[in-house]
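These two chains come separately, so use the hints to put the complex back together.
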Amino acid sequence: MTDTPFVVAGRTFTSRLIVGTGKYSSFPVMAQAHEASGADMVTVAVRRVNISDRSRESLLDYIDTSRMFILPNTAGCYTADEAIRTARLGREAGLSEWVKLEVIGDERTLFPDNEALIEATRVLVKEGFVVLPYTNDDPIACRKLQDAGAAAVMPAGAPIGSGLGIQNANNIRIIREFIRVPLIVDAGVGTASDASLAMELGADGVLMNTAIAGAEHPVAMAEAMRHAVIAGRLAYLAGRIPKKMYASASSPVEGMVGR
Amino acid sequence: MEITLNGERFELEEPLSVTALLARLDIDPRRVAVEHNQDIIKRHRFPEVVVGDGDTIEIVNFVGGG
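Note that the protein sequences, when read in sequence, are chains F and R.
Position 194 of the first sequence, counting from 1, maps to 224 under our numbering, and the rest follow consecutively.
Position 21 of the second sequence, counting from 1, maps to 92 under our numbering, and the rest follow consecutively.
With the rest of the complex left out, here is chain R (with noise of 0.2 Å):
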């Protein structure tokens, strides 16, 4: 399965959940937040949303700016 994640094709064996993504991925869940099809997924909602064929995600987090 494929999946867009900050704009660029992504390939997963399986769905995931957002926690297991950003382990996967190694990403600070803390540090970070999340965008699934354009809704913001609170952090204690990480373990229940899963991440599925065809899905776009977003991880954002801080960088220097003015």
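Chain F with its partners taken away, still in its complex shape (with noise of 0.2 Å):
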């Protein structure tokens, strides 16, 4: 079955899966995990160069930056303000208008402020940015987000790092009726069926980093959502069953022996 290709703000990328590059043991597990994750678009985090250490080794020393897209973040920042200074400082390190936007409004649940959220993505929009906002699963927020020059949306699964899966299906469906832009469920994803969920509800992508990072085995687990993604999309694209209280044999009634 043929599927349109995953494309945000103009660009196009072979993998619908996004994955971060934080909390992992080391750069070349890291590494590793990324390849086989297949994705080619990772997030990384701005944050001001230790100046007295200076033997630590480079991040980017461990992305192929060739085939990978890089995504920085605005991860940590609580008002719009300091989002917009770090997407800035984020441009200028890396070169290119791309921000996944981060407002956070609550230290334990890092929910996101979406009044920030929508006020620092108008800003950032005009300034010429892609902005993809990390947001939670609420459809009207998504939706003033699209109509603020939101790229994409990226409504939260779960809280960020719970690995607790999708914890409302039913807003994710209606956030994909409600917009026209790119939907790409990030955070709260924990193992493989979580991923293939949020692609059978419809998302155009998913973005993790600790369900990876965190595994046991990262680079077993980066390949088992590369095909977790997959599988979820084609299932979307083929258009499951409706769910029936009752049963509905598979094989003949007829032609049964000795009736």
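Wrong hints could be hidden among the right ones.
[Stated by the list, open to error] DEER-style ranges, computed between Cβ atoms: (1) R:S88 - F:S126: 54 to 60 Å; (2) R:A91 - F:L264: 53 to 59 Å; (3) F:S56 - R:R80: 51 to 57 Å; (4) F:R86 - R:R80: 18 to 24 Å; (5) R:R101 - F:Y108: 27 to 33 Å; (6) F:R270 - R:R116: 21 to 27 Å; (7) R:S88 - F:H247: 46 to 52 Å; (8) F:S56 - R:N108: 35 to 41 Å; (9) R:R80 - F:V155: 56 to 62 Å; (10) F:A265 - R:R80: 56 to 62 Å; (11) F:E137 - R:V121: 35 to 41 Å; (12) F:I170 - R:R101: 41 to 47 Å.
[Claimed, not checked] Stretch by stretch, here's where chain R covers chain F in the computed footprint (C-beta under 8 Å, at least three residues): (13) 50–59; (14) 63–72.
Calculated directly from the structure, the hints in this document are not laboratory data.
Where a beta carbon is used, it is the ideal one built from N, C-alpha and C, also for glycine.
Structure (structure tokens):
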């Protein structure tokens, strides 16, 4: 079955899986996991250079930038101003206009502050950024982000790093109906079936970090996620059967021996 | 003279260009973004922007994140 390509803001990606670069036990393990995932977009964070210790290796030494598109985030920002400042710094460091926009509203849940997120989206879109906002699974917030010029909307399936899986499948389905821009489920995935479910619900892509980096065997989990996203997407396109309360025999009821 | 570099006090003998400061810190200019008194300095301007006494400098790069 032929699929339409995964296009965000005019850029085509071969994989619908987007992976993070945080929390890995080492850079070589991360690089292997990236390879196994098949992803061609990775997220990174923008932080102060460690001035006192210059011996540490650079993350970018372990990302094949000829193959991987780098998406800087504004993780850890709690106000629109802070997120805008971080986005601008990320643009200078990476020389791309793309940003995964996060404006966090609460430390324990890492839930977004949607009001500030929409405001920051508006400002950055005006400055020419391609904004991919991390939001919650609120269809109205997603619609407002689209109206503010977001290139995609990225609702959380569950809290960041929780591994709880899609908590409100119905909302993801409704968001799919509400918006025209790509829908990327960002955060909350714990294992392969969660990624498949996101895709089965109609997501155009899935973004994850901890589910892979925190797995006992990150490289194996990255491969599992690659298959899960492909399988979920295919199932979505194939059109699943409706759910019914009672059985419906798969084998013929006629021609039974001895009847 | 003294500047504030990534939130810490930092001693310099004399004013330096951003390019010279990065070289002194052993930082590859192609992989960082620099803020000078809260203004982002475009990379092509690193040689001409001078860091002087009392200035605040932020140097950031990409690290692992989700």
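Hint check:
Take S88 (chain R) and S126 (chain F): their Cβ atoms lie about 26 Å apart, and the range 54 to 60 Å is violated. Between A91 (chain R) and L264 (chain F) the C-beta distance comes to about 56 Å, which sits within the given range of 53 to 59 Å. In this structure the supplied range 51 to 57 Å is violated for S56 (chain F) paired with R80 (chain R), their Cβ-Cβ distance being about 33 Å. At roughly 22 Å, the beta carbons of R86 (chain F) and R80 (chain R) sit within the given window of 18 to 24 Å.
In this structure, R101 (chain R) and Y108 (chain F) meet the distance hint of 27 to 33 Å, their C-beta atoms being roughly 30 Å apart. The hinted range of 21 to 27 Å is not satisfied by R270 (chain F) and R116 (chain R), whose Cβ atoms lie roughly 56 Å apart. Checked against the hint of 46 to 52 Å, the C-beta distance between S88 (chain R) and H247 (chain F) comes to roughly 48 Å, which is consistent with it. Between S56 (chain F) and N108 (chain R) the CB atoms are about 37 Å apart, so this pair conforms to the stated range of 35 to 41 Å.
In this structure the supplied range 56 to 62 Å is violated for R80 (chain R) paired with V155 (chain F), their Cβ-Cβ distance being about 38 Å. At roughly 58 Å, the beta carbons of A265 (chain F) and R80 (chain R) sit within the given window of 56 to 62 Å. At roughly 39 Å, the beta carbons of E137 (chain F) and V121 (chain R) sit within the given window of 35 to 41 Å. Take I170 (chain F) and R101 (chain R): their Cβ atoms lie about 42 Å apart, and the range 41 to 47 Å holds.
Counting residues of the stretch 50–59 of chain F whose CB lies closer than 8 Å to any CB of chain R gives 5, so the stated coverage by that chain holds, three being the minimum. Only residues whose C-beta sits within less than 8 Å of a C-beta in chain R count toward coverage, and the stretch 63–72 of chain F has 0 of them, not enough to reach three; the restraint is violated.
Against the hints set out earlier in the document, violations occur for numbers 1, 3, 6, 9 and 14.
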